[in-house]
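> Chains as they are written, first to last, in this note's numbering: chain A, 1 to 363; chain B, 364 to 665.
Since the hints were made in silico from the structure, they are not lab data. Glycine residues also receive a C-beta, built at the ideal position from the N, C-alpha and C atoms. Hints may be right or wrong, so weigh each one.
Claimed, not checked - BS3-like mimics (lysine-lysine), calculated; alpha carbons at most 30 Å apart, straight line:
#1 A:Lys167 with A:Lys101
#2 B:Lys615 with A:Lys101
#3 A:Lys101 with A:Lys151
#4 A:Lys151 with A:Lys177
#5 A:Lys167 with A:Lys177
#6 A:Lys151 with B:Lys574
Stated by the list, open to error - Label-pair distances were calculated between CB atoms; the ranges are:
#7 A:Ala124 with B:Arg471: 34 to 44 Å
#8 B:Glu478 with A:Phe13: 16 to 26 Å
#9 A:Phe13 with B:Val494: 40 to 50 Å
#10 A:Asn163 with B:Ala651: 36 to 46 Å
#11 A:Val54 with B:Pro581: 51 to 61 Å
#12 B:Gln448 with A:Val54: 41 to 51 Å
#13 B:Gln448 with A:Ala57: 47 to 57 Å
#14 B:Thr555 with A:Leu219: 44 to 54 Å
#15 A:Ala57 with B:Arg518: 45 to 55 Å
#16 B:Pro557 with A:Phe120: 23 to 33 Å
#17 B:Gln448 with A:Asp165: 40 to 50 Å
#18 B:Ile479 with A:Arg59: 35 to 45 Å
#19 A:Asp165 with B:Pro581: 44 to 54 Å
#20 B:Ile479 with A:Gly136: 49 to 59 Å
Claimed, not checked - If the Cβ cut is set under 8 Å, some of the chain A residues that face chain B in the computed set are:
#21 Leu52
#22 Pro72
#23 Met79
#24 Asp83
#25 Val102
#26 Arg103
#27 Val105
#28 Gly249
#29 Ala252
Okay, here's what each chain looks like letter by letter:
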Amino acid sequence: MARIMLENVTRRFGLVIAVDNVSLPIIDGEFFALLGPSGCGKTTTLRLIAGLEVPTAGRVHIGDRDVTGLPPRERDVAMVFQDYALYPHMTILDNVGYPLKVRGVGRREIRERVGEVAGFLQIAELLERRPAQLSGGQQQRAAVARAVVHKPQVFLFDEPLSNLDAKLRLEARGFLKHLQHELGITTVYVTHDQAEALALADRIAIMNQGRIIQVGTPLEVYRRPQTTFVAGFIGNPPMNLVPCRLEVGVEAAHLVGTTFRLDLTSLRDRLALTLRDDEEVILGIRPEHLTFCGQGDPFAIPAETYAIQPLGAECVVILLVDSTTLSVRLFTGEPPQQTGRVWVGVNPERILVYRKSGELVLG
Amino acid sequence: MTGGAPILSRRTGFFFLLPSLGFVSLFILFPFVWVFYLSFTNQTLTGVTAIQSRLVGLANYQRLLDFETWMTSGQFGNALRISAQFVVGSALIGQALLGLAIAWAFYRWRGAFREIVYTLVILAWIIPDVVVAFTWMAFLDRDRGTLNAILQLLRLAPVDWLIQQPVLSIIIFNTWRGTAFSMLLFSSALATIPPSYLESAEVAGASGWQKFRDIILPLIRSHILTDIILITLWTFNTFTPFLITGGGPAFKSELVSIYTFRIAFQFFEFGRGGAIAVAMMLINLVLALTYLTILRRQGVRT
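Extracted from the complex, chain A is given alone in its bound form (with noise of 0.2 Å):
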């Protein structure tokens, strides 16, 4: 078990800068996560705290030793790839034991060692066959239990569910978090995936075109997104974001959108710190604290029906605001008895407002 480090880290492909300076602690025990989208720098960095890449600039820690320089084998850390890169002319005795018989461990007792994780894996039963017998998620498995096997420092995960169909994606995720619970390495999981994100990590980090946007647990980033491209990334549906105009008065401020103004007056005080009147902003606010209201209540927002999708446990509800989109997420799982022109009022306490440039002023 170790932290890691990441200081100023860059790597650069020729002219283009995959990583850019990224600092970046990871505290030891913690599984944390690497979002965004792809070509985001998440899998360069992962491959740099491996090994498999070096810095074109920064240090890259793990425990008290500077590793910028080694070698993955002299780095103590396992990965676990996105093929799994199982080695189909081994057996998975034989590919579960490999981390142990290049380190010199004899055969009796990488049987024993990969007997045991095998068991702890549940594919005991199947350490005499080839990779291609095995299942998907049988591999998944397998992949782990090679990485696990020689008691590693560091867990590195390269989006090891994204092989895998949706119902076996869901069952691998509880599994990979019971595992690291129970083991307790510090593990850095690489996906594009913000809900698989949100459920595993303890900390998140939100990458964008080689650099880290947010830092933050799954609700923090889940909650206050520091940017739009945050807000717009994690949830499902997203944040919803309107462009408005803020008007601040000596005693009044509003939101002003095409179709509505929000009397935000209680935040008059805050908002008048950092906008200017009449500047534009970005509102953003979640879609379940979005509720269907009457025309009359002073927050809300006239909009038009546009799209209805019943998912059992909620009901998730597009509408048309002008030209933007809004969606509305509504838990009792009833769709709304009202279609066509509707009124939805937003919740003042949950709004958060973004510059026009992105980031976050008020929430």
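Given chain A's structure and the hints, the job is docking chain B onto it.
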């Protein structure tokens, strides 16, 4: 191509095949049978037996396998020994090993240096035989050869390569000549291995040699065997070294292929030449069958 009626009837199809069948019979099948027949006669090009040849049974083969003299220079056993050295040296050690080494060295290496090396190696492979042979004679020449010029620059004594080291000369020549095939075959085999296999081994703690032995080698084993089958047969049958050493001096670099040529087309003893050719074919057959058996066994295992 499963199911569905054939476009042509069997009869029409056969009709279309006829011309090529004719050529194959005329130029391959007939000479083969004829050589086989000749090997049991004392047919020659000149002299009495040119007109009045007769069947001599196994006499030609007995003469080939006369174990009292067959290892003396200019005899079949001697040629066989030199061919064995030549095959092991230039095909197995030279081409296969060097080809694998180059392919492995440039695995995951893209860029100008790789392109230059690959182009040079392939160039050595596609230049016509005669041109290549003269180039090498010029390279190895005692008095004005490039190699000796280089040696002299290094203050080393010149060597008369073609006289003093004829077998080594043709081994190096043939390695240089044919490595491209193995290199290309191995580099395409390596390209089929996902990089994640090697990366996961690297993270697991494997050294370069362990990665090669445990991951690469088992995964390209069938390619290695295929390569070895083909280059062994090609090297065993190649005649190009004749253009450099002429089999000499004093039969010291006389391969079986050159020996066959000498008996059949320099001594004009067609009967004996036929017997050697048949023996050569049998050796090829045994080699091919051995490799194929190993290959099939490998196929069952993986």
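> All hints, please: hold or fail.
Structure-based check of each hint:
1. A C-alpha spacing of about 35 Å is found between Lys167 (chain A) and Lys101 (chain A), which places the hinted pair above 30 Å, so the restraint is violated.
2. At roughly 49 Å between alpha-carbon atoms, Lys615 (chain B) and Lys101 (chain A) are farther apart than 30 Å, so this suggested pair is violated.
3. Between the alpha carbons of Lys101 (chain A) and Lys151 (chain A) the distance comes to roughly 14 Å, so the proposed pair stays at or under 30 Å and holds.
4. Restraint check for Lys151 (chain A) and Lys177 (chain A): the C-alpha separation of about 17 Å stays at or below 30 Å, so the hint holds.
5. A distance of roughly 16 Å separates the Cα atoms of Lys167 (chain A) and Lys177 (chain A); the hinted pair therefore holds under the 30 Å criterion.
6. As the CA atoms of Lys151 (chain A) and Lys574 (chain B) are separated by approximately 21 Å, the hinted pair is consistent with the 30 Å bound.
7. At about 36 Å, the beta-carbon gap between Ala124 (chain A) and Arg471 (chain B) stays in the expected band of 34 to 44 Å.
8. The hinted range of 16 to 26 Å is satisfied by Glu478 (chain B) and Phe13 (chain A), whose Cβ atoms lie roughly 20 Å apart.
9. Between Phe13 (chain A) and Val494 (chain B) the CB atoms are about 43 Å apart, so this pair conforms to the stated range of 40 to 50 Å.
10. For Asn163 (chain A) and Ala651 (chain B), the hinted distance range of 36 to 46 Å is satisfied, since their beta carbons lie about 42 Å from each other.
11. Separated by about 29 Å at the C-beta atoms, Val54 (chain A) and Pro581 (chain B) break the suggested range of 51 to 61 Å.
12. Checking the proposed 41 to 51 Å range against Gln448 (chain B) and Val54 (chain A) shows it holds: the Cβ atoms sit about 46 Å from each other.
13. The hinted window of 47 to 57 Å between Gln448 (chain B) and Ala57 (chain A) holds, with their beta carbons roughly 56 Å apart.
14. For the pair Thr555 (chain B) and Leu219 (chain A), the supplied restraint of 44 to 54 Å holds, since their beta-carbon distance comes to about 46 Å.
15. For the pair Ala57 (chain A) and Arg518 (chain B), the beta carbons lie near 48 Å from each other, so the given range of 45 to 55 Å is met.
16. Distance hint for Pro557 (chain B) and Phe120 (chain A): a CB-CB separation of about 27 Å, consistent with the stated range 23 to 33 Å.
17. The hint said 40 to 50 Å for the Cβ distance between Gln448 (chain B) and Asp165 (chain A), and at roughly 59 Å that hint is violated.
18. In this structure the supplied range 35 to 45 Å holds for Ile479 (chain B) paired with Arg59 (chain A), their Cβ-Cβ distance being about 36 Å.
19. In this structure the supplied range 44 to 54 Å is violated for Asp165 (chain A) paired with Pro581 (chain B), their Cβ-Cβ distance being about 31 Å.
20. Take Ile479 (chain B) and Gly136 (chain A): their Cβ atoms lie about 43 Å apart, and the range 49 to 59 Å is violated.
21. At about 5 Å, the closest approach between the beta carbon of Leu52 (chain A) and any beta carbon in chain B falls short of 8 Å, and the interface hint on this residue holds.
22. The beta carbon of Pro72 (chain A) comes within 4 Å of a beta carbon in chain B, closer than 8 Å, and the hint placing it at the interface holds.
23. The interface hint given for Met79 (chain A) is met, as the beta carbon of that residue sits about 5 Å from the closest beta carbon of chain B, less than 8 Å.
24. Given the 8 Å rule on beta carbons, the hint for Asp83 (chain A) holds: about 5 Å separates it from the nearest Cβ of chain B.
25. With a cut of 8 Å, the hint placing Val102 (chain A) at the interface with chain B holds, because the nearest CB-to-CB distance is about 5 Å.
26. For Arg103 (chain A), the suggested interface contact is upheld, since its CB lies about 6 Å from the closest CB of chain B, less than 8 Å.
27. Evaluation of the Val105 (chain A) hint against chain B yields a violated restraint, the C-beta minimum of about 11 Å exceeding 8 Å.
28. Because the beta carbon of Gly249 (chain A) sits about 61 Å from the nearest beta carbon in chain B, more than 8 Å, this interface hint is broken.
29. Taken as an interface hint, Ala252 (chain A) does not check out: its beta carbon lies about 60 Å from the nearest beta carbon of chain B, beyond 8 Å.
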